[in-house]
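J.: So the sequences go chain by chain: Z and U. Heads up: the first sequence is residues 1 to 164, going by the numbering used here. Heads up: the second sequence is residues 1 to 164, going by the numbering used here.
Derived by calculation from the structure, the hints in this document are not laboratory data. Glycine is no exception: its CB is placed at the ideal position from the N, C-alpha and C atoms. Careful: at least some of the hints might be erroneous.
[To be verified] Quick list of simulated restraints, FRET-style, between CB atoms:
(1) Ala92/Z with Gln125/U: 44 to 52 Å
(2) Glu147/U with Arg162/Z: 12 to 20 Å
(3) Gln50/Z with Arg133/U: 29 to 37 Å
(4) Gln122/U with Arg162/Z: 40 to 48 Å
[Unchecked claim] Among the chain U residues that face chain Z by a calculated CB cut under 10 Å, a handful are:
(5) Ile28
(6) Val41
(7) Leu44
(8) Ile48
(9) Ile59
(10) Val70
(11) Leu78
(12) Leu94
(13) Leu97
(14) Lys135
(15) His141
(16) Ile157
Number of protein chains: 2
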Amino acid sequence: MTRARKPTASALASRNQGSERHGSRPTIALGALNSHLGYFVRRLQVWIFQDFIRTLKRINISPAQFSVLVVVGANRGLSQAELATTLGIERARLARLLHRLEERGAIRRLQSSADGRRHALQLTQQGRTTLARAKIQVARHQKRLTERLGAEKHQVILEALRDF
Amino acid sequence: MTRARKPTASALASRNQGSERHGSRPTIALGALNSHLGYFVRRLQVWIFQDFIRTLKRINISPAQFSVLVVVGANRGLSQAELATTLGIERARLARLLHRLEERGAIRRLQSSADGRRHALQLTQQGRTTLARAKIQVARHQKRLTERLGAEKHQVILEALRDF
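Kindly produce the complete structure, drawing on both the sequences and the hints.
T.: Below, the structure is given as structure tokens:
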């Protein structure tokens, strides 16, 4: 439980500064965290999220807005409840997200004839254009992530998590 | 890019309700998200974090506090800067975390004789007791995660991410 971990580049840089000043210790032991998947998943998640936010900022959309555009674009007449469940977004937050996307003319809500309470979501022409532009940026983010992880690891993790 | 995904249990439940009311569509297509590792990592991260928070709440410590106790406990005389780098926590946030752990008597900061500006972190006896109690709870969380992912996938992902 106290096995030392191969440090990241930044940890190593910091450690080496420490070593110059104080000598001794080669690595920082992660202790019990070494067997905690959550610790490593969080590190990966932080990296991905920061790069993703930076990537999408150029075209002024958030990661959550991007996910909404993708899933609405891929499912004709999707309801708000279905979208919330699919993306794991709380319904109140999704309502605000959809409101902003509607304001900028990217989506519209059509009243379903089968059920008056149900609003089917749809991308507008402008929404499709925004999504296409976003996908170009996101492909660059994906490329950076694949290079950072290595293509093989990227694929292994993706396959392992698809059914989660 | 529009391949339908095997839905999660909750998505399936929602979808099935939808099908009863409106017939037709078997699954919600994830579209381009299907090849986005970030989407699946986020889902896993949310699950882990929620379970982890619930687990540690019983003994009134946060996931970040737990990580601090583990790494301080595993590294004699660690500095605040080294801890911040290792855990990927912003230094101002770490200072607040350490202050709270000091207040509850779990850690202490010793002034280093080699460098007056440097404070070596150490667990107190009470800190070691808290950490031991936390580890018992965390082992239960780990067990739930391994069961949820399957032991093999858990191992594969852990190995793939250790060097990230």
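J.: If a hint holds in the structure, say so; if it does not, say that too.
T.: Verification of the hints:
no.	hint	verdict
1	Ala92/Z with Gln125/U: 44 to 52 Å	holds, 45 Å
2	Glu147/U with Arg162/Z: 12 to 20 Å	holds, 18 Å
3	Gln50/Z with Arg133/U: 29 to 37 Å	holds, 34 Å
4	Gln122/U with Arg162/Z: 40 to 48 Å	holds, 44 Å
5	Ile28	holds, 5 Å
6	Val41	holds, 5 Å
7	Leu44	holds, 6 Å
8	Ile48	holds, 4 Å
9	Ile59	violated, 15 Å
10	Val70	holds, 5 Å
11	Leu78	holds, 7 Å
12	Leu94	violated, 13 Å
13	Leu97	violated, 15 Å
14	Lys135	holds, 6 Å
15	His141	holds, 8 Å
16	Ile157	holds, 5 Å
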